[in-house]
Amino acid sequence: MRFPLFLFRKFLRYLVLVFAIITVNFLIPRLMPGDPMIFIFGEEVYGAAIRNPELFEALTAKYGLNLPLVDQFWIYLMSLFRADFGYSFSYGRQISEIIAERLPLTLIMTVPSTVLSLVAGTAIGLTLGWESDRLPKRLVSAACVAVHSFPTYWLAMLMLLFFSLWLGWAPIGGAPPAGASFVAIVQHLSLPLLVLAIFNTAYVSIIVRGLTIEISEEPFVIAALSKGLGKLNFSLRHLLKPSLPPLLSLFAIEMGFAFSGALLVEIAFSWPGMGYTMWQAVIERDYPLLQASFTMVALVVVSANALADALSYALDPRSRS
Amino acid sequence: MKRFGYSPTGVEWAGIALILAVFAMTLMSFLPGGCFGMPSSIPYLPPSSSNFLGTNDIGDDVLAILLQGSRVSLSIGLLGATVSTLFGTVIGVFAGFMGGTVDEALGSITDFFLVVPALPLMILLAAYLGPSFMNVVMVIGLLWWPTTARMVRARARQIRGSPFIEGLMGVGARKPYIMFRHVLPNVWGIVLARFVLAVSSSILLEAGLSFIGLGDPQNPSWGMMLHFAMTRGALLHGAWWTFVPPGICISFSSLGFILIGMGMESRYRSSTKSIGDVS
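Chains as they are written, first to last, in this note's numbering: chain A, 76 to 396; chain B, 665 to 943.
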């Protein structure tokens with residue numbers, strides 16, 4: 076009976092969180108200095124509307140801007156439920172269309188690199204954490220910390236310089252054209268994926284190494300070792316297993332960070348995902364698009380957190396009591 | 665519990681970055697051609713004896729911009745870290761000491777900022793506020809406190825339960841007094857470590873925001889140099905000297921602060937652990 080109640084409470088928390096994100100998103104343009112209509116319509120539409128009273132009236136009525144805040148909020152919520160984020164003047168299209176096109180392009184980069192780095196980082200972290208005082212291992216750990224403090228987009232620029240400009244192995248950026256061959260898609264994806272995988276692997280390695288060191292001091296580890304367990308068997312059963320739940324929850328917190336890194340890498344590679352969209356929205360001062368992009372990115376990160384919670388619940392019997 | 669320990673390399677890297685920033689103007693006057701480097705209207709000159717790091721897209725000396733940028737990057741790093749640590753400490757001490765509803769309310773606000781991706785929210789806020797030096801500082805400071813708050817809260821909670829606080833309460837000491845004079849000094853170790861780590865994050869965050877184009881265009885930072893290299897075609901031009909040096913500066917100054925912070929944190933952790941074992 077505990078199972079559904081526990082998860083229910085967890086997910087209720089996430090629902091509140093999503094509501095809070097939406098509320099903040101609603102309030103920001105209305106509380107910022109300046110006419111909120113600039114932020115809600117976007118600069119260009121606002122300029123056109125000022126000159127055309129009829130359009131101005133229609134837009135004001137659509138967003139309910141002459142109504143009290145509470146009613147405005149209700150209208151805002153309803154339009155979100157209809158997946159209506161408004162209109163992007165810089166693209167001349169509905170924002171929901173743009174996002175439906177571009178969110179998958181971000182996920183196709185972040186999900187594989189995250190999975191890859193979880194596996195690789197866990198293996199590396201376990202190795203590094205076990206007998207961590209040896210010199211080669213300490214050097215590798217230091218390298219992981221170093222890589223983690225490199226700006227991802229700078230790493231991306233270096234890769235572009237080296238592999239695309241100097242060696243000519245990969246395209247200079249952008250997404251593969253529609254109907255491109257499999258090879259072309261792999262070529263376009265390889266460098267961004269590589270950058271993200273390196274960066275996230277370094278991070279996961281650092282975390283797993285710390286957890287391993289902590290766990291290897293526990294008495295049950297000494298007991299297991301004195302029984303004469305093999306190294307691999309020992310690592311998997313006694314080091315990996317207890318470190319999984321904290322690893323998952325830590326990773327959930329850092330998921331936002333990983334996603335942020337991906338957003339910046341996209342810009343460097345001109346990869347038309349959410350990060351690139353946000354960048355263009357910033358340059359064009361396209362506030363509606365920027366806000367919608369933020370909402371979607373936040374929703375993805377919150378869902379990833381919820382997923383990590385559910386997973387750690389399924390994996391860790393301790394969390395159920 | 666030997667994790668990274670005291671790390672002299674961290675101190676060195678952070679020190680070099682700070683010296684660069686403090687003496688940037690003096691160093692710049694030693695450049696061939698004076699304060700702003702050798703005046704040269706030729707864009708994308710590779711490194712030479714007159715322009716040690718070449719020139720950028722408008723023919724400015726890259727080394728001169730790099731030195732100027734060190735001031736912007738590091739002062740935003742330090743100021744952003746100051747604001748965020750201040751917030752985190754106040755919220756953490758308050759939540760940990762007061763407990764109850766206050767703790768719960770502050771805890772859920774902290775959770776909100778922990779889960780919501782910070783950089784996209786920073787981009788959103790900075791885009792509304794407009795690019796300026798103080799806005800970048802405020803955006804970083806206002807959004808980068810949750811981890812600090814959480815750690816300080818845990819420590820404050822621990823201290824709250826110790827007998828000497830109970831004694832103070834029994835004597836009738838007022839709560840603000842206890843918080844300021846007795847709880848705060850005891851969380852100082854973790855606050856300092858968090859501050860140094862926050863400097864490192866702020867340098868990286870500032871670089872990220874500037875890379876997106878939300879930095880102050882009047883005071884180009886290292887991140888801004890990367891932004892210009894990206895948007896004005898230095899990358900496609902293969903002019904590596906315009907973006908490799910600022911990247912190295914960002915990486916190693918933030919790495920320096922990270923290493924110092926990690927060392928402080930692990931030392932602090934082992935010291936509190938032994939105290940905890942005794943009591």
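Hints were generated in silico from the structure; no laboratory data involved. Be aware that a few hints might be false.
[As the list claims (entries may be wrong)] Only some residues are given here: those of chain A computed to face chain B with a beta carbon under 8 Å:
# : residue
1 : Leu90
2 : Leu92
3 : Ala95
4 : Ile97
5 : Thr98
6 : Leu102
7 : Ile342
8 : Leu365
[What the hints assert, rightly or not] Calculated from the model, a selection of chain A residues having no Cβ within reach of chain B, i.e. all distances over 10 Å:
#  : residue
9  : Leu82
10 : Asp110
11 : Glu129
12 : Pro143
13 : Glu172
14 : Leu201
15 : Ile247
The model shown is predicted, which means the values in this text are computed figures rather than measured ones. Even for Gly, the Cβ is constructed at its ideal location relative to N, Cα and C.
The hints, checked one at a time:
At its closest, the beta carbon of leucine 90(A) sits 12 Å from a beta carbon of chain B; the interface hint therefore is violated under the 8 Å criterion. About 6 Å separates the beta-carbon of leucine 92(A) from the nearest beta-carbon of chain B, less than 8 Å, and the hint is met. The closest approach between the C-beta of alanine 95(A) and any C-beta of chain B is roughly 6 Å, which is under the 8 Å cut-off, so the hint is satisfied. Look at isoleucine 97(A): its Cβ only gets to about 11 Å from chain B, farther than 8 Å, so that hint breaks.
Violation of the interface hint for threonine 98(A) is found here, the shortest Cβ-Cβ separation to chain B being roughly 11 Å, above the 8 Å cut-off. At about 11 Å, the closest approach between the beta carbon of leucine 102(A) and any beta carbon in chain B exceeds 8 Å, and the interface hint on this residue is violated. Checking isoleucine 342(A) against chain B by beta carbon gives a least distance of about 7 Å; that is within 8 Å, so the hint holds. Contact between leucine 365(A) and chain B, as hinted, is supported at the beta carbon level, the nearest pair being about 6 Å apart and thus within 8 Å.
Non-interface status of leucine 82(A) relative to chain B is upheld: no Cβ of that chain comes within 10 Å, the nearest being about 17 Å off. Against chain B, the non-interface label of aspartate 110(A) holds: every CB pair exceeds 10 Å, the least being about 13 Å. A cut-off of 10 Å between C-beta atoms confirms that glutamate 129(A) is not in contact with chain B; the least separation is 28 Å. The beta carbon of proline 143(A) is kept farther than 10 Å from every beta carbon of chain B, the shortest such distance being approximately 23 Å.
Non-interface status of glutamate 172(A) relative to chain B is upheld: no Cβ of that chain comes within 10 Å, the nearest being about 20 Å off. Every CB of chain B is more than 10 Å from the CB of leucine 201(A) (nearest about 16 Å), matching its label as outside the interface. Taking the minimum C-beta to C-beta distance to chain B, about 7 Å, the non-interface status of isoleucine 247(A) is violated against the 10 Å cut.
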